[in-house]
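There are 6 protein chains.
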Amino acid sequence: MEKNRSKRGAKTLAKIHASWGSPKVLTQLDDIAPDFKNMVRDFAFGDIYSRPNLDLKSRQLATVAALAALNNSPLELKAHLHGALKLGWKKQELVEVLMQMSLYAGFPAAIHALLIAKEVFAENASINSHK
Amino acid sequence: MEKNRSKRGAKTLAKIHASWGSPKVLTQLDDIAPDFKNMVRDFAFGDIYSRPNLDLKSRQLATVAALAALNNSPLELKAHLHGALKLGWKKQELVEVLMQMSLYAGFPAAIHALLIAKEVFAENASINSHK
Amino acid sequence: MEKNRSKRGAKTLAKIHASWGSPKVLTQLDDIAPDFKNMVRDFAFGDIYSRPNLDLKSRQLATVAALAALNNSPLELKAHLHGALKLGWKKQELVEVLMQMSLYAGFPAAIHALLIAKEVFAENASINSHK
Amino acid sequence: MEKNRSKRGAKTLAKIHASWGSPKVLTQLDDIAPDFKNMVRDFAFGDIYSRPNLDLKSRQLATVAALAALNNSPLELKAHLHGALKLGWKKQELVEVLMQMSLYAGFPAAIHALLIAKEVFAENASINSHK
Amino acid sequence: MEKNRSKRGAKTLAKIHASWGSPKVLTQLDDIAPDFKNMVRDFAFGDIYSRPNLDLKSRQLATVAALAALNNSPLELKAHLHGALKLGWKKQELVEVLMQMSLYAGFPAAIHALLIAKEVFAENASINSHK
Amino acid sequence: MEKNRSKRGAKTLAKIHASWGSPKVLTQLDDIAPDFKNMVRDFAFGDIYSRPNLDLKSRQLATVAALAALNNSPLELKAHLHGALKLGWKKQELVEVLMQMSLYAGFPAAIHALLIAKEVFAENASINSHK
Chain A
2 MEKNRSKRGA KTLAKIHASW GSPKVLTQLD DIAPDFKNMV RDFAFGDIYS RPNLDLKSRQ
62 LATVAALAAL NNSPLELKAH LHGALKLGWK KQELVEVLMQ MSLYAGFPAA IHALLIAKEV
122 FAENASINSH K
Chain B
2 MEKNRSKRGA KTLAKIHASW GSPKVLTQLD DIAPDFKNMV RDFAFGDIYS RPNLDLKSRQ
62 LATVAALAAL NNSPLELKAH LHGALKLGWK KQELVEVLMQ MSLYAGFPAA IHALLIAKEV
122 FAENASINSH K
Chain C
2 MEKNRSKRGA KTLAKIHASW GSPKVLTQLD DIAPDFKNMV RDFAFGDIYS RPNLDLKSRQ
62 LATVAALAAL NNSPLELKAH LHGALKLGWK KQELVEVLMQ MSLYAGFPAA IHALLIAKEV
122 FAENASINSH K
Chain D
2 MEKNRSKRGA KTLAKIHASW GSPKVLTQLD DIAPDFKNMV RDFAFGDIYS RPNLDLKSRQ
62 LATVAALAAL NNSPLELKAH LHGALKLGWK KQELVEVLMQ MSLYAGFPAA IHALLIAKEV
122 FAENASINSH K
Chain E
2 MEKNRSKRGA KTLAKIHASW GSPKVLTQLD DIAPDFKNMV RDFAFGDIYS RPNLDLKSRQ
62 LATVAALAAL NNSPLELKAH LHGALKLGWK KQELVEVLMQ MSLYAGFPAA IHALLIAKEV
122 FAENASINSH K
Chain F
2 MEKNRSKRGA KTLAKIHASW GSPKVLTQLD DIAPDFKNMV RDFAFGDIYS RPNLDLKSRQ
62 LATVAALAAL NNSPLELKAH LHGALKLGWK KQELVEVLMQ MSLYAGFPAA IHALLIAKEV
122 FAENASINSH K
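Quick note, the sequences are listed as chains A, B, C, D, E and F, same order. So that you can map any letter, position 37 of the first sequence is 38 in this note's numbering, and since no number is skipped, the others follow by simple counting. So that you can map any letter, position 131 of the second sequence is 132 in this note's numbering, and since no number is skipped, the others follow by simple counting. So that you can map any letter, position 72 of the third sequence is 73 in this note's numbering, and since no number is skipped, the others follow by simple counting. So that you can map any letter, position 128 of the fourth sequence is 129 in this note's numbering, and since no number is skipped, the others follow by simple counting. So that you can map any letter, position 19 of the fifth sequence is 20 in this note's numbering, and since no number is skipped, the others follow by simple counting. So that you can map any letter, position 14 of the sixth sequence is 15 in this note's numbering, and since no number is skipped, the others follow by simple counting.
Keep in mind that the hints were calculated from the coordinates and are not lab data. Treat the hints loosely; a few may be bogus.
As the list makes no split between identical chains, a pair holds if one copy fits it or if it spans any two.
To be verified - Under the rule of at most 27 Å between Cα atoms (straight-line distance), these lysine-lysine pairs were calculated in the BS3-like manner:
| id | residue 1 | residue 2 |
| --- | --- | --- |
| 1 | LYS91 | LYS38 |
| 2 | LYS58 | LYS8 |
| 3 | LYS4 | LYS91 |
| 4 | LYS8 | LYS25 |
Bear in mind that the values here come from a model prediction, so they are computed numbers and not experimental data.
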């Protein structure tokens, strides 16, 4: 069963993050907290993101909205914006969500998130132009 | 033009909130800050929620996720969960989003949001059974 | 010297809070953490609020703005809104500050603060009508 | 393996919370999100709190400090203060930790936490006097 | 009417920010979210900051206090500290407000804000010495 | 008496921070807010950390937990992780506390704290190897 959680987590994680950003965050935990890295895979991606009843694309929008509103996790917002593009959200749709966060978390939170999106879109264009 | 913002705002607001909860929050501002109540209609609903490029149903999911993660706006989360049901999200889909917020804002934030959802679902069932 | 801090703190505290609300918060600490209650008087009011270079009325505006933006201290916001009225801020000026906080902390924070202000203004009118 | 996580989680949870408060929070999830309730048991208590290298009493102090500083989870702080007493922390030690949080999260956060502790100590005295 | 909001917003914005910092933040939105940049001008500066009943200098103090307490918007705090100097607040008055925020948001928030103020004062001295 | 607060504060501060990090934060306040630097010494370390009823080692764990959960004070978390090592906490114990914070403040908060701990452990190893 444990093995299934890990397998399922790795599989779901790859659907979202097989691109820039997030692996770097998790890989840095390798020496200091390897068990925690595995917990992120097993719990966050194996238990939560892999659940039925809500598609992965909708889940990704929810995560982007939450991270933008919280305004304290730029590395994770960056990784999940890459994931959102990978799962089919259009750039303009993501810009709309980030603008909307100004209503609930203030203008600075929305501005910070838009500046991170700007970086992500530039990295994404650069990846695609080198394919 | 101003008139258009107000009209558009009132129209969009009615698509989300013509139900329990939120009007109460805004109506209480009538005597102390009537201009602010109008700004919520004009800016939040007329300028932001009415924009093209992202459908209202997706916008509502983003708001529910953000308010759950912020864990400091129970009245607004309640109103927007009612709005999310009205716009077609299923109860189980909303439960999934709220559970997922535990990853970014901790377990207490997710638990508080789920307890609010429980109230909303009960109110919603009661409304529907009286139709 | 210690004695001076306490005296100065008590004197400054009385300029702000000799009215509804805040004493209740501090008095409740009497049995569980009496030293902490004294620290609030000595440090917050004796060391900080009593400093020269900025008048008490301006300090009070800053506190009201911060507590509204933080959106997690309703008891203290209530007490300091009473204090702001006592120090000469007009109701409409305080409403303006609270509305402005929507820009930095989102609409729910501003709405919550305005609803607290509504209570404070009602309590204040009731006190004045009984004088 | 899964079964072990659940067993281990239930066992650790009982060491902390076999008393007032927290069960109530989790039991309320029974109908709306029963899987989430199980995840709290399995992940929070089975995976994290059950790990070696740090004793449960120290873990409990860390949780009380964090919940007091975050100032947005009164139900959980209440449950974990009960747990802290159960695990051997003295009332005065807990008061000290909560006072200290004023340095990192401001005076209102510390005051709110102390008022919750006051309730917990009263409930705890009442439980013990009825044994 | 719309045109008036924009004109009024641009005019008020220039009273606060015709100096270092903030334009940079807003200019960076030009390509990714030009409408949002205009909304900041129209709503934040045209609708809110331009309202009567509270003078711009007092509004600026409130913003500095809130951004310092929130401790998550260094770019905006920097821009608004420049604005506060431009509107006539003295350096020592601003230092007092930032110190006071330790009471409501903890010492780290106040220290971070003071370090940003230090940068702003140095930039401001450098601008003035080159006039 | 005042003198005693300062002496006691300096003495307690040296038990925690006579090492990397924190002095740098406080020393930078020398020119802009020297009184505030003294207040940190007198109030935080002289009044709070020096109190009896809770040992300094336990206090340090509480601070590390709170700063990790708040996820907005990296400089202070770094300084207090150095302090925690100095007071006898083992690296693995601190890793456990930081992992645990994921439950109350989300995974990003725990990951950020672990990456800061990684820097602290490397600096600490480097200091010890040069003794």
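We went through each hint and held it up to the structure:
Taking the shortest alpha-carbon separations for LYS91 and LYS38, only the inter-copy value of 20 Å comes in at or below 27 Å, while the best intra-copy value is 30 Å. In this assembly of identical chains, LYS58 and LYS8 lie within 27 Å of each other by CA distance solely inside one copy; the values are 20 Å within and 32 Å between copies. With identical chains, the CA atoms of LYS4 and LYS91 are never at most 27 Å apart, being 35 Å at best within one copy and 31 Å at best between copies. For the identical chains of this complex, LYS8 and LYS25 are intra-copy neighbours only, at 20 Å inside a copy versus 34 Å across copies, given an alpha-carbon limit of 27 Å.
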